[in-house]
Amino acid sequence: MSTREPVRTISVIVATVLVVLHAAAIDASAGCPCEPDVNNSGGPITILDVVVILDCVRGVNCAPCVNSCDVNCDGEIDYVDAGVVWCGFQGDINCCSKPTGVCVIENDVPPDMFPDCFITLQAMCEFFATQDDGEYLGDGSQNRFCREVPTSTQWGGLVLVLAVLAAGVLAVGKRARTASSAGS
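Residue numbers 524 to 707, in my numbering, belong to the letters of the sequence shown in order.
Some hints could be false.
[Claimed, not checked] Straight-line Cα separation of at most 25 Å, SDA-like style, residue types lysine to any residue; simulated pairs: (1) Lys621 with Gly566; (2) Lys621 with Thr701; (3) Lys621 with Glu599; (4) Lys621 with Val573; (5) Lys621 with Asn590; (6) Lys621 with Cys555; (7) Lys621 with Ile570; (8) Lys621 with Asp597; (9) Lys621 with Cys557; (10) Lys621 with Cys585; (11) Lys621 with Ala646; (12) Lys621 with Glu558; (13) Lys621 with Asp560; (14) Lys621 with Ser591; (15) Lys697 with Gly663; (16) Lys621 with Arg667; (17) Lys621 with Pro638; (18) Lys621 with Val589; (19) Lys621 with Asn563; (20) Lys621 with Asp578; (21) Lys621 with Val574; (22) Lys621 with Cys588; (23) Lys621 with Leu571; (24) Lys621 with Asp662; (25) Lys621 with Phe650; (26) Lys621 with Pro567; (27) Lys621 with Ser564.
Calculated from the structure, these hints are not laboratory results.
When you get a sec, could you build the whole thing from the sequences and use the hints?
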């Protein structure tokens, strides 16, 4: 058995896991409950729900998300989810169907609280970006000129892939050492 076979096997396993996770995310979005009550208080959407989702989006703490913080069920916890919660806080009940677009703000708010440019719902953008320091670029606008900020879901996926690859490399190295010592 060559040393390339375990690497190929590990690659197939990693690819299979990623395909299954992607398919699960697609299936989940079909029956999306779109529940902006992320802390599951059972009452109306409160400012606490807004704080909980913003902390999770920024990667600070997702533990208070009793209900999923991926509110719109797209497989990522991002500022669109925060916009849906903000929309619910404003009293709207149909927030997951609202269009999204680019929000550009000057970072006057506390450091590292928000990126300068992100995709969200217009209502959330207008709250943080007054006419003096930012704007909503319109429904359907794309963030191709924005600096990409990885979401907590993307960081988690990256960590998972790196952990699987590291385990695979260690296993291949151990197998190669065992094979070479057995042949000596």
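Against the structure, the hints come out as follows:
1. Lys621 with Gly566: holds (22 Å)
2. Lys621 with Thr701: violated (58 Å)
3. Lys621 with Glu599: Holds, at about 17 Å.
4. Lys621 with Val573: holds (17 Å)
5. Lys621 with Asn590: holds (20 Å)
6. Lys621 with Cys555: holds (14 Å)
7. Lys621 with Ile570: holds (20 Å)
8. Lys621 with Asp597: Judged against 25 Å, a Cα distance of about 14 Å means the pair holds.
9. Lys621 with Cys557: Since the Cα atoms of lysine 621 and cysteine 557 sit roughly 12 Å apart, the hinted pair holds (cutoff 25 Å).
10. Lys621 with Cys585: Holds, because 24 Å separates the two Cα atoms, which is no more than 25 Å.
11. Lys621 with Ala646: holds (10 Å)
12. Lys621 with Glu558: holds (14 Å)
13. Lys621 with Asp560: holds (17 Å)
14. Lys621 with Ser591: At roughly 19 Å apart (the allowed maximum being 25 Å), serine 591 and lysine 621 satisfy the hint.
15. Lys697 with Gly663: violated (51 Å)
16. Lys621 with Arg667: holds (21 Å)
17. Lys621 with Pro638: Roughly 21 Å separates the two Cα atoms, so the pair holds.
18. Lys621 with Val589: holds (24 Å)
19. Lys621 with Asn563: Given pair lysine 621, asparagine 563 holds - Cα atoms ~22 Å apart, limit 25 Å.
20. Lys621 with Asp578: holds (22 Å)
21. Lys621 with Val574: holds (21 Å)
22. Lys621 with Cys588: Holds, because 22 Å separates the two Cα atoms, which is no more than 25 Å.
23. Lys621 with Leu571: holds (22 Å)
24. Lys621 with Asp662: holds (9 Å)
25. Lys621 with Phe650: holds (16 Å)
26. Lys621 with Pro567: Answer holds: lysine 621 to proline 567 is near 19 Å, not above 25 Å.
27. Lys621 with Ser564: With a Cα-Cα distance of about 24 Å, the restraint between lysine 621 and serine 564 holds, given a limit of 25 Å.
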